[in-house]
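**Student:** Could you build the full structure based on these sequences and the hints that come with them?
Number of protein chains: 2
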Amino acid sequence: MKIKVKFLDIGTEPTVIISKEDSLKIGAKDNDRVKIDGKGSTTALLNVSDFVSPGEAVLSGNLRNRIKASDGDELNIVYANSPESVRNIRKKMDSGKLSKEEISAIVADILENRLSKIEISAWLTALYINGMDIEEIAAFTEAMVDTGDRVEFDRSPVYDFHSMGGVPGNKITPIVVSIVAAAGLMLPKTSSRAISSACGTSDFVETFCDVEMDAETLKRISEEVGGVLAWGGAMNLAPVDDLVIKVEHPLGINPRAQLLASILSKKLAIGATHLVVDIPTGSGTKVPTIEVAREYARDFMDLGDKLKIHVECAITYADQPVGSAIGPRLEARECIRILEGEKHPLSVIEKACDIAGIILEMEGMTNGGERAREILDSGAAMKKFREIVAAQGGNYDIKSDDLVPGEFTAAVVSTKSGYVHTISNKDLVSVAKAAGSPSDKGAGIMLMMKKGQRVEKGDVLFEIYGDNEAKVRRAKELSTKYKPYDIEGMLLKRVAPPRTR
Amino acid sequence: MKIKVKFLDIGTEPTVIISKEDSLKIGAKDNDRVKIDGKGSTTALLNVSDFVSPGEAVLSGNLRNRIKASDGDELNIVYANSPESVRNIRKKMDSGKLSKEEISAIVADILENRLSKIEISAWLTALYINGMDIEEIAAFTEAMVDTGDRVEFDRSPVYDFHSMGGVPGNKITPIVVSIVAAAGLMLPKTSSRAISSACGTSDFVETFCDVEMDAETLKRISEEVGGVLAWGGAMNLAPVDDLVIKVEHPLGINPRAQLLASILSKKLAIGATHLVVDIPTGSGTKVPTIEVAREYARDFMDLGDKLKIHVECAITYADQPVGSAIGPRLEARECIRILEGEKHPLSVIEKACDIAGIILEMEGMTNGGERAREILDSGAAMKKFREIVAAQGGNYDIKSDDLVPGEFTAAVVSTKSGYVHTISNKDLVSVAKAAGSPSDKGAGIMLMMKKGQRVEKGDVLFEIYGDNEAKVRRAKELSTKYKPYDIEGMLLKRVAPPRTR
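Those sequence lines, one after another, are chains A and B. If you're matching positions, the first sequence starts at 10 in our numbering and goes up one per residue. If you're matching positions, the second sequence starts at 10 in our numbering and goes up one per residue.
Honestly, I wouldn't trust all of these hints.
No copy labels: a pair is met if it fits in one copy or bridges any two.
Computed list of lysine-lysine pairs in DSSO-like fashion (alpha-carbon distance at most 30 Å, straight line) [said to hold, decoys possible]:
hint: 1; residue 1: K44; residue 2: K13
hint: 2; residue 1: K100; residue 2: K435
hint: 3; residue 1: K29; residue 2: K15
hint: 4; residue 1: K100; residue 2: K492
hint: 5; residue 1: K485; residue 2: K34
hint: 6; residue 1: K490; residue 2: K100
hint: 7; residue 1: K11; residue 2: K48
hint: 8; residue 1: K15; residue 2: K255
hint: 9; residue 1: K38; residue 2: K255
hint: 10; residue 1: K228; residue 2: K29
hint: 11; residue 1: K255; residue 2: K44
Think of the hints as simulated: they come from the structure by calculation, not from any bench. Keep in mind the model is a prediction, meaning the values are calculated, not measured.
**Tutor:** So this is what it looks like as structure tokens:
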């Protein structure tokens with residue numbers, strides 16, 4: 010039927026809002042599809058609302074260009090079928106194995122906004138419950154790559170590494186990239202911003218240089234300098250992933266197939282030929298036990314085989330934060346201090362050299378870890394780091410002291426004496442976020458005590474930093490509520506034999 | 010943070026739209042929850058949009074009353090956690106068995122709009138894949154009843170019947186109710202409008218009397234006359250069901266647990282003590298085979314046991330439409346003709362008397378089917394029907410000829426000679442809907458031929474009726490495309506032995 014349209018700049022899903030009366034005439038219901046014909050033609054989701062008068066339709070602004078129409082135009086709106094790929098989603102609900110074509114159709118329809126949040130949620134839930142085999146995941150990964158750009162390097166091999174995340178304070182990326190590039194290899198590293206964490210790699214790297222660059226710039230810097238520290242989100246690499254994450258996030262799930270395809274698609278798009286995957290393992294991370302970590306490692310390697318990427322995995326300790334600093338400027342400072350020659354915190358140095366070492370061994374070097382440590386200690390890594398920073402618009406003469414944490418602070422002290430028995434990653438992340446991290450660049454946490462250390466009542470366990478006094482206060486309140494540190498005596502539990510009567 | 014709000018009357022989910030900048034300050038992402046404090050306080054879904062300026066928030070109109078605020082107010086908006094029931098949904102994704110309390114929390118949060126479409130979709134998908142046992146379904150049914158009103162009758166027993174649907178032309182309800190009420194029993198029948206079908210019972214009953222009434226009126230008419238033909242949607246019976254259907258519909262799924270709970274909750278809310286469930290079985294319906302029908306029958310009876318409703322099931326033939334008419338006035342006319350004494354179509358008469366017969370036997374009568382037929386043939390059913398129609402504001406002297414089908418018609422003829430081998434319910438429904446059914450009351454289809462009948466080339470297979478010429482033309486085009494009738498010779502397939510070389 011012909012309806013007078015009006016555009017309204019709202020919402021993310023392409024939507025047409027009409028009255029109940031008109032929906033009956035069209036024979037379409039809430040969340041059905043309708044087709045709208047202007048000079049262009051498209052489908053959109055139907056939203057039935059009491060607020061719209063019969064004969065009128067309110068269209069989300071993102072439809073304006075697709076149908077090439079303006080406010081007041083009378084356009085034909087009719088019922089439209091759901092995209093064919095909804096059938097493929099139902100097939101996965103029914104535990105079916107999907108073909109390459111069926112998977113590609115789903116991925117393309119998500120990218121083009123043809124599948125609604127309802128349908129994407131059903132897809133993710135079906136993936137979470139019924140899973141995919143490696144063949145399906147490989148097809149899924151390639152379909153995701155096909156939605157975006159691919160970088161093609163003139164140099165080979167192309168090294169890369171990726172951390173599955175979940176452990177706060179994991180600031181090793183600039184160190185690893187600098188060591189590997191200093192060794193003459195190429196590592197075009199793309200990182201992410203925080204999704205649910207306190208601070209992603211790009212969140213802290215952008216405190217000292219630009220991370221937003223296009224694929225062309227990434228290619229040029231990588232080939233010239235050997236390394237780069239880019240924000241993957243600025244490039245058009247497997248862009249469908251971002252749309253899926255928006256739906257995945259509120260459900261608090263990360264289906265294995267989606268997780269694997271998401272990681273490998275970015276690596277395939279960047280042209281990686283060799284990849285090290287860091288699997289942080291510990292309570293409160295995505296990977297709670299070594300057994301689960303081994304399963305992921307197997308998946309990554311199998312998938313690498315299918316996709317022709319040489320994959321090795323590093324299962325790393327993640328029962329507490331890596332190093333002492335959490336939050337953008339705090340992490341940047343700790344990271345650069347190590348490049349400058351600081352020998353502390355050991356956990357950051359060891360982890361960075363271990364990962365860099367695996368990459369050096371992939372190139373055929375022996376004793377990669379020791380070689381990495383030599384490159385770090387010699388100052389060659391710092392020199393390479395300066396080159397990377399300068400290439401990304403930062404200051405070649407960067408010093409760790411340039412990174413000044415927030416002016417407001419609060420100390421959290423122990424209420425008893427004993428030993429640090431556990432530290433909750435999850436609770437520390439909540440506290441750091443409450444303090445303003447990662448959007449407030451000076452916000453975060455400095456840990457004064459780590460696991461196993463002796464603590465006296467009144468000792469400072471960690472310090473909260475922030476750019477905003479109220480947020481620091483709120484973070485301190487949360488610390489009292491969550492108690493991220495568990496302090497115990499040496500005797501954790503007394504087990505006595507049953508008394509005889 | 011404090012944000013200046015503006016209300017916009019859009020959408021069904023309570024939504025707050027803010028800029029990317031402000032979302033980073035709040036630390037909340039698209040599809041997260043935020044809490045808004047006006048004079049009242051509530052949570053809503055966050056939508057991050059480029060169209061909103063920093064410092065401003067656009068709120069969906071349904072939040073106006075909840076937070077008691079007006080355009081221009083500066084309100085505090087902060088990050089809020091998801092409802093606890095999201096955990097219960099995840100438990101079902103992980104194949105867990107849900108407790109009564111966990112199920113109630115989900116149902117209550119759906120009713121109060123606290124769960125988003127994304128979460129409801131995940132819930133339905135998890136239900137579809139992992140299912141529920143009868144104990145969980147019983148708890149689910151009772152939780153759904155608790156979301157609405159319950160009717161309590163002063164008379165007992167309270168008979169009821171329900172058809173699972175999926176077969177077009179199933180116009181037996183007024184006949185069954187009239188027979189049962191004429192026998193002195195009480196049957197307060199609530200029906201639905203079409204969801205995906207061409208014409209629901211309420212869609213055709215409302216062509217001759219009012220179907221929208223409150224629970225009080227339903228109770229009064231049922232107790233005085235013995236029967237009623239109400240639209241369930243006008244009453245507040247298990248209202249959460251409607252919210253779920255909106256999400257279920259675009260996915261094209263109907264999880265067994267949801268289907269059973271949906272049906273039984275309405276019956277429990279109406280106070281039914283005895284229930285006959287009609288399970289139409291045939292290709293193109295929800296229940297393709299007798300085996301599947303038996304499983305449903307077992308489920309309905311087990312669930313009836315738990316809920317203290319005496320349930321019997323009738324597995325009925327549904328390989329083709331029931332009777333000849335599809336569409337509101339056409340079905341009403343065919344139905345009333347039978348009450349007036351017409352002996353055709355036999356399929357409608359037999360099915361109505363079989364179902365009514367089971368109910369009479371529940372009351373303790375013998376040979377229920379024959380007894381039902383006597384009540385129909387004697388005119389007692391028609392007299393009772395007149396009383397019901399009059400009680401619902403219709404004309405006591407109603408005649409079938411009062412129901413005039415649409416003025417525009419088109420005949421669909423056979424392109425070859427042979428026998429009617431199959432009739433596609435699904436395709437006929439599409440054609441009837443294209444003709445305008447159920448919103449155009451005169452629209453629909455009259456079948457001239459049914460399965461097994463001899464057809465000559467050029468014979469009329471069915472006639473399309475409509476109130477709108479263009480729609481009838483479109484329906485005829487669809488008929489040519491879909492070919493709902495399959496005409497074959499007596500020899501369907503020739504199977505020859507393999508030739509010897």
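**Student:** Against each hint, give a clear statement of whether it holds in the structure.
**Tutor:** Verification of the supplied hints:
1. K44 x K13: For K44 and K13, only the intra-copy Cα distance (14 Å) is at most 30 Å; the inter-copy one is 36 Å.
2. K100 x K435: Between. Shortest inter-copy distance 20 Å satisfies the 30 Å Cα cut-off; intra-copy 36 Å does not.
3. K29 x K15: both (17 Å within a copy, 25 Å between copies)
4. K100 x K492: between (46 Å within a copy, 27 Å between copies)
5. K485 x K34: Result: close only across copies, 18 Å inter versus 58 Å intra.
6. K490 x K100: Between copies, since 26 Å is at most 30 Å while 46 Å is not.
7. K11 x K48: Answer is within: at 14 Å inside a copy they meet the 30 Å cutoff, but 42 Å across does not.
8. K15 x K255: both (28 Å within a copy, 25 Å between copies)
9. K38 x K255: both (25 Å within a copy, 8 Å between copies)
10. K228 x K29: between (54 Å within a copy, 29 Å between copies)
11. K255 x K44: Close inside one copy (25 Å) and across copies (19 Å); limit 30 Å.
When each numbered hint is compared with the structure, no violation occurs for any of them.
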